[in-house]
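Please work from the sequences and hints to get the whole structure.
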Amino acid sequence: MAKILLVDDDIEFLNATEALLGMLGHEVDTATSVKGAKEIAQTGRYSHVILDLLLPDGSGLHLLDEITGPDNDEIKIAFVTGHSSVKSVVSNLYGPNIHYLLKPVSLDDLKNFISKQDEPKRPKPTDKFKKHFEHLIGESAPMQQLYEMIERVSATAANVMLIGESGVGKEVVAASIHQASNLTGELVAVNCGAFAADLINSELFGHEKGAFTGAISRKIGVFEQAQDGTLFLDEVTEMPIDLQPNLLRALESRKITRLGSTSSMSVNCRVISATNRSESEIAQDKRLREDLYFRLAVFPIYIPPLRHRKDDIPLLVKYFLAELNSQYDSNIKIAESDLKKLCDYDWPGNLRELRHCLHRAYIMADQESELVRIPEKMSSPFSKKEGNASKGIEFGKTVEDVERELILTTLDHLGGDKKAAAETLGLSLKTLYNRLNEYQISTE
Amino acid sequence: MNNDLRKEMNYSRPIHDLRNRLNTISMNAELGKMILQSNGDAEKAINTFNIIMETCQKSSQEISELKKLFDSINVQQQDQGKR
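Protein chains in written order, with this note's numbering: chain A, 1 to 444; chain B, 1 to 83.
In short, the hints are calculated from the structure, not lab data. Among these hints, one or two may not hold up.
Claimed, not checked - Heads up, simulated PhoX-like pairs for lysine-lysine below, C-alpha to C-alpha not over 25 Å straight-line: (1) Lys310(A) / Lys340(A); (2) Lys76(A) / Lys35(A); (3) Lys44(B) / Lys58(B); (4) Lys310(A) / Lys333(A); (5) Lys58(B) / Lys111(A); (6) Lys131(A) / Lys3(A); (7) Lys310(A) / Lys377(A); (8) Lys33(B) / Lys111(A); (9) Lys3(A) / Lys33(B).
Set out below in structure tokens:
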């Protein structure tokens with residue numbers, strides 16, 4: 001037996017439906033307005049609610065928050081409406097467990113609604129991929145090292161600096177550290193390069209109402225928002241150097257003062273910063289104060305570029321394709337030959353470039369064979385690798401210059417592995433070492 | 001406000017009311033059927049059929065109102081076309 005709340009302003013429909021449901025053995029309460037329904041909903045717990053969308057003092061939608069909630073998540077709700085298009089709007093807003101009854105309602109419609117079990121959630125195609133810390137995918141050796149570092153640092157409160165090329169997934173790694181840390185607060189992300197210089201302090205520390213022209217109300221800064229959680233400062237090296245002392249003071253004292261305030265407050269959050277510049281570039285270009293660098297990089301983590309973990313490319317390709325198939329309800333796959341093409345490419349744009357390449361290939365997929373179409377030639381206008389290659393083949397350069405560049409490029413490509421570099425170059429290891437000494441190439 | 005939007009706003013209330021009439025007719029027909037199938041209470045069943053007939057009458061009046069609305073909008077459109 002169901003306990004049903006029936007809300008409709010059409011008295012004759014209401015009376016007939018109440019009588020019908022009563023004859024079917026269910027307990028029925030009725031209301032003709034939003035106000036009346038709210039009063040009744042407070043006094044009883046219902047298993048089913050049938051709502052007219054249009055009521056004299058509002059909409060049935062206004063009642064949803066009153067009758068649903070964490071204690072009432074089993075309740076089944078149906079809207080009575082004359083428009084089938086309402087269903088997609090309502091399910092987008094309120095989820096797929098809201099039903100609807102199209103006018104004119106029949107007895108079978110009512111019976112089906114009352115006896116209907118909610119459909120079990122279908123597992124998504126992406127659920128079968130193992131995600132480390134609920135975010136990261138990859139089983140290669142460089143990724144296993146990364147996971148170990150994340151696990152170690154998450155057990156502490158140390159600030160972390162993530163160093164990696166553009167597109168390697170610095171924000172995803174930050175989210176993984178936050179996830180592994182089990183903190184009560186939130187992960188708050190901010191891009192230090194996105195703000196005008198005069199707004200950065202307000203973004204970081206907040207301001208009081210009237211602190212400056214345009215400060216029409218109090219603003220909570222990101223340090224406060226991340227209280228007991230994690231603050232992610234992306235592109236921290238893009239912060240103007242003259243504004244860095246304020247950040248340094250906050251990290252050292254663990255106190256901040258909102259602009260326009262006379263008192264300071266304590267803050268407690270892990271700071272994860274990120275940059276796509278190498279440490280030597282940071283120092284040489286003086287992008288970051290040295291004292292601030294040491295406060296931010298208590299535990300630096302180097303995120304490997306995709307070309308250093310090519311073993312993960314097949315898994316990543318399958319994951320991105322599963323996401324697209326799930327989004328567009330399709331079954332597009334990739335041929336082995338195309339997968340090999342993807343594994344052979346260097347991906348200067350890293351995972352971001354791989355994902356976009358796959359998305360383009362998915363859009364152009366052959367619908368008959370259900371296979372993506374990977375272009376014959378893949379390149380990026382930002383590719384450093386192509387730039388280096390063309391640099392080596394210029395008129396006026398000596399053989400030694402070209403050989404030096406070739407050795408450097410090969411070592412960089414292979415992550416500094418001299419044995420592999422010697423094999424690739426067709427040299428013995430001894431010859432490679434001799435060349436390195438001759439060209440004074442340091443590989444420390 | 002353009003003519004299409006004005007038309008939609010004018011029609012939607014009467015159409016909504018007509019759907020409600022159909023809803024009432026449907027539920028009372030189902031109720032009448034169930035009454036006769038279960039306890040055979042003729043008086044209650046007759047009551048539901050009376051409600052159905054009254055609703056049909058109201059629907060007929062509303063359809064006439066809707067027709068007048070169509071006619072007045074058509075006249076307005078013809079007048080605008082002539083200007």
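Hint-by-hint comparison with the structure:
1. Lys310(A) / Lys340(A): holds (11 Å)
2. Lys76(A) / Lys35(A): holds (20 Å)
3. Lys44(B) / Lys58(B): holds (21 Å)
4. Lys310(A) / Lys333(A): holds (19 Å)
5. Lys58(B) / Lys111(A): Since the Cα atoms of Lys58(B) and Lys111(A) sit roughly 28 Å apart, the hinted pair is violated (cutoff 25 Å).
6. Lys131(A) / Lys3(A): violated (43 Å)
7. Lys310(A) / Lys377(A): holds (18 Å)
8. Lys33(B) / Lys111(A): Roughly 15 Å separates the two Cα atoms, so the pair holds.
9. Lys3(A) / Lys33(B): holds (23 Å)
Against the hints set out earlier in the document, violations occur for numbers 5, 6.
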